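Enquirer: Okay, here's what each chain looks like letter by letter:
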Amino acid sequence: MSRQTPAPQDLPVLDVGVGTVGVRLRGWSALVVAVASAVALALLLWPFWLPARSGAAADAPWLLALLLPLVVLLVLAQLTEHGLDSRTLAVLGVLSALNAALRPTLGAGTAGVESVFFTLVLAGRVFGPAFGFLLGCTSLFASALLTAGVGPWLPFQMVAAAWVGMGAGLLPRRARGRAELAWLVGYGVVSAYAFGLLMSLWSWPLVAQAAPGAPGPLDHLPGAPAAENLRRFAAYALITSTAGWDTGRAVTNTVALLLLGPAVLAVLRRAGRVR
Amino acid sequence: MLSIQHLTVRYPGAERDTLSDVCLELPEGELALVVGRTGSGKSTLLGSVNNLVPRFTAGRRVGRILLDGADVTLASPRELADRVGRVGQDPLAGFVTDTVEEELAYGMEQLGVAPERMRVRVEETLDLLGIAHLRSRALTTLSGGEQQRVAIGSVLTLQPRLLVLDEPTSALDPVAAEEVVALLRRLVHDLGTTVLVAEHRVERVVEACDRVVAVLPDGRVRDGAPADLLPEAGSVPPVLELGRRLGWAPVPLHVRDARRRAAGLRSRLGPPPADPPLPAPVADQGLDARGVLVRHGRQVAVAGVDLAVPRGQVCALVGRNGSGKSSLLWALHGAGPRQAGTVRVDGRPGRGQVALVPQTPADLLYLETVAEECADADEQAGLPAGSTLAALAELVPDVDPGQHPRDLSEGQKLALVLALQLAGSPPVVLLDEPTRGLDAAAKATLTRQVAELARRGHVVVLASHDVEFVARTCSRVVVLADGEVVGDGPVRDVLADSPLLATQVARVMSPLRYLTVAELLTAAGSPS
Amino acid sequence: MPGTLRDRWSLARVPRSLHPAAWWGWSLGTAAAASQTTNPLLLVLLVAVVVAVVSLRRGDGPWASSFRLYLLLAVFLVVVRVLYRVLLGGGEGGAVLLPLPELPALWPGGLRLLGDVTSDAVLQGLQDGLRLGAVVVCVGAANALANPKRLLAAVPGALYEVGAVLVVAVTVFAQLADSVLRVRRARLLRATPAGRGVRHRHRVVRAVVVPVLTDALDRSLQLAASMDARGYGRQAGTSRGRRLVTGTLLVTSVVLLGYGAFAVLSAALPTWRWYPAEAAWAQLDPGLLVLLAGLAAAALGFRSAGRAVVRTRHRPDRMRAAEWTTLLSGLACFAVVQLVARGPEAGVLLPGVRAWPSLTPALVLAPVLALLPALLTPPPALTGAQLPRAAAGGLS
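Chain order of the listed sequences is A, B and C. Using numbering that gives the first Met the number 0, the letters of the first sequence correspond one by one to residues 0 to 274. Using numbering that gives the first Met the number 0, the letters of the second sequence correspond one by one to residues 0 to 527. Using numbering that gives the first Met the number 0, the letters of the third sequence correspond one by one to residues 0 to 395.
Hints are not guaranteed to be accurate.
[Claimed, not checked] Chain C regions said to be covered by chain A (calculated; three or more residues, Cβ under 8 Å):
#, segment
1, 73–84
2, 140–153
3, 161–172
4, 202–212
5, 220–230
6, 250–258
Hints listed in this document are in silico derivations from the structure and should not be mistaken for laboratory results. These figures come from a predicted structure and were not determined experimentally. C-beta: ideal position from N, C-alpha, C; glycine also.
Excised from the complex, chain A in its bound form (with noise of 0.2 Å):
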């Protein structure tokens, strides 16, 4: 191999700039998570529209744990479509992992999915809506294939949670310090109380089914007026989750993004910018 000197002026020049760890969500992909997040909802909101019709409120929970996985996928398409670069799949994964990881180490009290929630919000909060979007779907489905819980809960909570995360991405980006925090531990108790209505919604309608000819009192009744089955809707909420689990929920998010939220979020912020 012969050597040859090129004179110093003529050598390429590679001047990269330091990368950020997130996804776009900008253009079709924007378009794409504001149509699928409203039709979503609406779907979910399925026991206050639905017409008397005999079967329907029978087959609308199935029909709804088919499609709405499939809008979920065809979501994380669009979000992917670009190509996520390795170092942002490297994070979500390692997230994903960490949130099913910490969930028996914060041990008694904290029931579930508290833990995901307040990595989350902060992932959500440091690295964008896109993302949080991401991880609020891979963390659920990553912790069900390690437990083997994949169930017709999953795409349900899956959209929940992506909600909380892309929710926390779009806190105002300008707030820092304590003004951050305070966003932050706002977020974590409404979308603590969020979430859990929304699950309550997936399974109102099939623990509290209405029994023929005479329903009880917070059955959802398949073609009452939308007031009607939200004041049902709302009982049954109270009493089964929002009174309960849900409050508990939303003060380990609070303490959780006390204590820990600020050293997290360096952590996080050290990690999104890479040297």
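Add chains B and C to chain A, keeping to what the hints say.
Expert: For chains B and C alone, kept in the frame of chain A given last:
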């Protein structure tokens, strides 16, 4: 094969170039060893070969890189995947999938290799690495050496002509490291692969390498014969050091050559001067452990070990992986399990009087700056503010208190954790594999630090694979096997007579029981 | 395929694990069938068939042992459903089984607690709970039978990245669990005086979470570098036109699926009769066509989004005869139930609580169809960990 022309690299925000005007020609079929101090730019040089620097790390790079005559300066790492295979330090961190076979196939899947060819290449690679019996094993269940072989295999399936390895053995024990080096040698000799490998523990690879590429502190690079260049890079294996100091030419690289050259020296010199006898343990003074038993389920890790170490003594625990060294240290500290036995320090129960620095010291760090960590330790130990920071400055003067602990070098991290653990001034200090990831200079610093601890009257017990370090640092060696003590005595008695544990100098001088270059030079009367 | 019929049968019996999609299709088919009925006889039959298939065809991977949890969950759901009726009322009528005092109204509109427990309420709860439980068992079967990692390996190109994220998550999980253990152990080394209160707890949690998280993120960086160096990365630059096509298809598909679901559920579109007969099977809800159009758009969208990728699979699972048999048997089970639901004997599927439920021959056929994979698929390939026990016939 590889030609690097006038390469200069500067990272964003850095004040100086990490590499400056590097020119390097690497012919086909050579094994080149890259040496240099920690942080000198070894990784930058290796990363530049397949353009991970700067495409992945960001930064500004000037210069040209040719592979087999083709200009690849602007190519992406992905495009070079089948030309340059890159293996990192910690194999586990680079695994994408979780079983051996899938990991081997991963790269080929990415490049769209046809399934039939993929199948054949996976089989061939399994045989080449001698790991066919592990094909469906989960990667986490493999030993360190096996993991590193899989990592090498996972890039070999793409059939690159050039292999780049960044400290492939630094996380491995000596046996596993030997396996990896043997594999590299085979690749070079049998397949004609060109290999560029960075390594701290030069003595492991120096015998197999054709040339040395030294990355100097100012960012320049020189390449040439090992004997000429190793001293400049500050990492010299004992045999080479000996040859240089005694003016042997050519300077020997292997124990065999050195032993032939040292025939005259052996006949001229008498045995080394006798060491002062080890002090007998005094009752109620120092560390006194009796009948320590540790079991993990059915497996016995430590089978009733007695260990008494007086104050001021530095005692090494040696033995293969899984011989119970770590379990014993953790049991002595009290944080690990201990099913039976007593640990007393100065006649009192040992709890709270023992400090332990674990294998991965960074596990203990959780605050954002060095100063915060130190202040936290002060507060926990009830010391006046600033004491730990002052102690740290004594250990390593060049640490900036405002730095993030994770950004410290391995040696600095170790010193920081040591300082934190010493905050309550516990009489007993335990170190688990402290030399992992340290370069020669950092090891020398550690030897001084340990000596200082002993001088102040601490009991120091350290577990290590690194016999050269043990020979320089410790006065007593305890050999563990299968959880039992199978050897115990002054360092010279244990190390010099063992075929496995002997230092390079001991092998050269056997049957004379010299251990280190320094004492041999003193005996030989040459200026040291 | 060489050889006689007997040779081919022997070849087909060679132990191997089926394509995960086959098991998922089968299990979704049976689950869909179960969701159509509250007939306890049919539900119990279906559950029995699913349990039989699982115990004969599951392997020895860690996921295979999850099935027991699904059975427990199903029982739990039945209990919850009955308790709900007992506590919160609804479905009154029939004999009073247990007279309980009624607590006063707590909520405008007559929410009351407790009150007489009637046979109708309990039976109603049992029937609905059984349906819910049966669906859960059917889905649990897929969890136990299909190797989740092979499922990830079979995702279409458009979802490759998401699949890769999950593969990484599964890979890193074991390492992270180790890392958590290691850090927790290391924390014991730092001289923390026993303390109480929020501040102490803060320190403890932080000392675990921060090192684990930092470690995990550092690791992700090395992983990304390793992936890049080994060729990860989609072919650069999808064209503007391709993006337009993909985006349009995906949006269209989401809208169609949403509208289709609405139309089907609320019968918004007039029924279309495609055959001159009065029977229910001769009529078609156009909403279904909208749904189908949405599915087609989704399929095209996935194809378009995955077009740019050139990747191959090492030892890909293929859909062979056994896979198709499995998939079709699940779908056939659903189809039979669906046909009955549209025929004159639809009432059998939703029996009241006052009459003893009955079965028709067609309804017996459905579980029998679902049982076929137990007989017609090859036995699972075992990884060897539990080989002696399985060979002794003990798949507990």
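Enquirer: Run every hint past the structure and note whether it holds.
Expert: Structure-based check of each hint:
With 4 residues carrying a beta carbon less than 8 Å from a beta carbon of chain A, the segment 73–84 of chain C meets the three-residue requirement, and the given coverage holds. Coverage of the segment 140–153 of chain C by chain A holds [criterion: at least 3 residues with CB-CB distance below 8 Å; count 5]. With 11 residues bearing a CB less than 8 Å from a CB of chain A, the segment 161–172 of chain C meets the requirement of three and the coverage assertion stands. Judged by the Cβ-Cβ criterion of 8 Å, the segment 202–212 of chain C is covered by chain A as claimed, because 7 of its residues qualify and three suffice.
Beta-carbon proximity to chain A at under 8 Å applies to 6 residues in the segment 220–230 of chain C; the threshold of 3 is reached and the given coverage holds. Remark: the segment 250–258 of chain C is confirmed as covered by chain A, as 6 of its residues place a Cβ nearer than 8 Å to a Cβ of that chain, reaching the required three.
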